[in-house]
Amino acid sequence: MSATPSQGSIPVLRATGLEKRFGAVVAATEVCLEVIAGERVSLIGSNGAGKTTFVNMITGYIKPDAGSILLDDRDITGLEPRTINRMGVARSFQIPQLYAELSVLDNMLVATACQDRHPSFWRQARSADAVERALALLARFNLLEHAEQRVAGVPGGIRKLLDIAMALTVQPRLLLLDEPTSGVSVEEKFPMMDIVMHALEQEVMTVLFVEHDMDIVERYADRVVAFYSGRIIANDTPQIALAAPDVRRYVTGTLH
Amino acid sequence: MRSLINDPPIKTPPPGVQRKLITGVALIALLIAVGPFLPKWLTFLITMAASHGLVSLGIIFLMRGGVVSFGQGLVFAIGGYVAALAFVKLGFTDAIGLTFIGGLGAALVALPFAPLIARYRGIFFAMLTLALSMVVYGILVKTDVLGGSDGFNMGRPTLFGQQLADILSGYVLYPLTVVISGAVALAARVYFDSPRGLISLAVRDNELRVEYLGASVRQTMAINFVLAAFVGGIGGALTVLSLGHVNPDFSYWTTSGEFVFVAILGGYHSVLAVFVASTVLEIVRSFSGLYFPDTWQLVLGVFLLTVIRFLPHGIGSLWSNRELFKRKGGEK
Ligand SMILES: Nc1ncnc2c1ncn2[C@@H]1O[C@H](COP(=O)(O)OP(=O)(O)OP(=O)(O)O)[C@@H](O)[C@H]1O
Ligand SMILES: [Mg+2]
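Protein sequences appear in the order of chains A and B.
Oh and the first sequence: position 248 is 248 in the numbering used here, straight run, nothing missing.
Oh and the second sequence: position 268 is 268 in the numbering used here, straight run, nothing missing.
Calculated from the structure, these hints are not laboratory results.
Being a predicted model, the structure only gives us computed values, none of them experimental.
Ideal Cβ positions, reconstructed from N, Cα and C, are used throughout, including at glycine.
Take the hints with a grain of salt, since some may be wrong.
So, partial list: chain A residues that the calculated Cβ filter (under 10 Å) puts toward chain B [claimed, not checked]:
#, residue
1, G78
2, P81
3, N85
4, R91
5, F93
6, L98
7, D116
8, R123
9, R126
Label-pair ranges, simulated between beta-carbon atoms [as the list claims (entries may be wrong)]:
#, chain 1, residue 1, chain 2, residue 2, range
10, A, R123, B, A29, 22 to 32 Å
11, A, A24, B, M127, 30 to 40 Å
12, A, R123, B, V34, 54 to 64 Å
13, B, R309, A, R249, 58 to 68 Å
14, B, G16, A, A66, 47 to 57 Å
15, A, R219, B, G122, 39 to 49 Å
16, B, T23, A, S120, 38 to 48 Å
17, A, S120, B, G301, 39 to 49 Å
18, A, A139, B, L21, 57 to 67 Å
19, B, I22, A, S120, 18 to 28 Å
I would like the entire structure built from these sequences, with the hints used as guidance.
Have a look at this one:
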């Protein structure tokens, strides 16, 4: 290891030359991105621009056709989602991936159980200790009142929050949120992002979030990365990136 | 979104595994206590219900992970044959030892297939297990040293070095079967409520998320397959100890079908329900066999239809986790 560099300059994630094609569709091409520890990066782009594909490649769901992904200095290209998760990368999903038949609390307890490298065959999954930690995390997301409800019966916004809360059980160093506010009414978007960002503040964590609402992006992102047909067309502070002609033409639609 | 302060204080009643275990132990004690006062046909019926119930309990291990085996007769047969062979060929006669050997034998047979089978779901899993059981059935029928299609007999087992007289053996094998089945059932409850047991339920619901939380879906399925074999093998061994006979029909598909019947009847939420369902099957089998010998499968069919219609989660939903079964309309 080199002599300790100043804290803000360590790249947690370094993606280089990522390529991904689905038949004729170019979902990623020449994608290069470095993310510094503690940064809040927003990924924007119109539908089908390649945002989810990027998240999928980083987290191991999709293997890139070419290119490399480094986490700190370790190559994680093409590893299984499970392995990448264990290295401290967690994600939420555009459509929440939950256990619909289980209660909100049990969803959290599954997350806790999965973290264990050798889960026990005989200790209780609902031990007082595990329940207490799960409830503490639920409390950070204002989900306590829903703890005992079956997930199949709770509203969409609650599911979005639970999806993120579950991702946090790993205490990830890198968190990728795929459209945390999608499917939530306009009035609820800000309160919801407030809850999420407040919950995240308690840990030093690097966050990438996919977002369509530019007000949210401006408010919460340190940096904006804009995608257009699989390519990164802007990568800068929100002020500069959102003012770029290409972004206004292809993403925000404010320039015709 | 409400603030934290306004949230009602949460009371989490830890769903008491202790309470369930105590109930289980009490039930086992009760069954043993009343044993001497029961008619012989009834203790035999309970012995069969308990030992067969273990095989269906094995299916519950798999059902909790989202798959159903249509070939669990396989491990039933292996457990039975291994125990009977150890008795006949090796002269090993201890009842508890034979039971354990039966379970171990079935688990060892299942082990090499587990990684392969763990990759399949739904109808493919069901058909693959069915195919395996029918292959073993075919082999057993053709193997003359194992008695071919007639199978073979074994003598009376011993217990703690004591010879069991013919009249006594029924009375000893009844409590023995009840205790061993009961112990396995209690262990199953502990496992179902453990982190691994919870991960199984999660696999049933959403495999993708399990992998994304850092656990292995394949490993979970493979472990459940081997555990199901171990439990089913014990059931096979206990059955053979009481019957004194084993034959290839143990691995025949209709036998497997009965185990699936009981598993669905009981549902995967309650361990006790599996044994209740197994007892129901044995009762229907003996009484229908008596009164309408040609149509007893019809009676079973009507019974199953009724349960599926009115208790879709099995008879266990009559007493366990009621709030979770209430379908809140709307989403899903
Ligand atoms: N598994 C897949 N198989 C085939 N095509 C895919 C697959 N995943 C993504 N694509 C295609 O790749 C392109 C990029 O998709 P992606 O999901 O990354 O877009 P996105 O930016 O997340 O869009 P949205 O805002 O709608 O979520 C789209 O054209 C999509 O149809
Ligand atoms: Mg997307």
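Here is what the structure says about each hint:
| no. | hint | result |
| --- | --- | --- |
| 1 | G78 | violated, 15 Å |
| 2 | P81 | holds, 5 Å |
| 3 | N85 | holds, 4 Å |
| 4 | R91 | holds, 7 Å |
| 5 | F93 | holds, 8 Å |
| 6 | L98 | holds, 7 Å |
| 7 | D116 | holds, 6 Å |
| 8 | R123 | holds, 6 Å |
| 9 | R126 | holds, 6 Å |
| 10 | A:R123 to B:A29: 22 to 32 Å | holds, 26 Å |
| 11 | A:A24 to B:M127: 30 to 40 Å | holds, 37 Å |
| 12 | A:R123 to B:V34: 54 to 64 Å | violated, 34 Å |
| 13 | B:R309 to A:R249: 58 to 68 Å | holds, 60 Å |
| 14 | B:G16 to A:A66: 47 to 57 Å | holds, 55 Å |
| 15 | A:R219 to B:G122: 39 to 49 Å | holds, 46 Å |
| 16 | B:T23 to A:S120: 38 to 48 Å | violated, 23 Å |
| 17 | A:S120 to B:G301: 39 to 49 Å | holds, 41 Å |
| 18 | A:A139 to B:L21: 57 to 67 Å | violated, 31 Å |
| 19 | B:I22 to A:S120: 18 to 28 Å | holds, 21 Å |
Consistency note: the structure conflicts with the earlier hints numbered 1, 12, 16 and 18.
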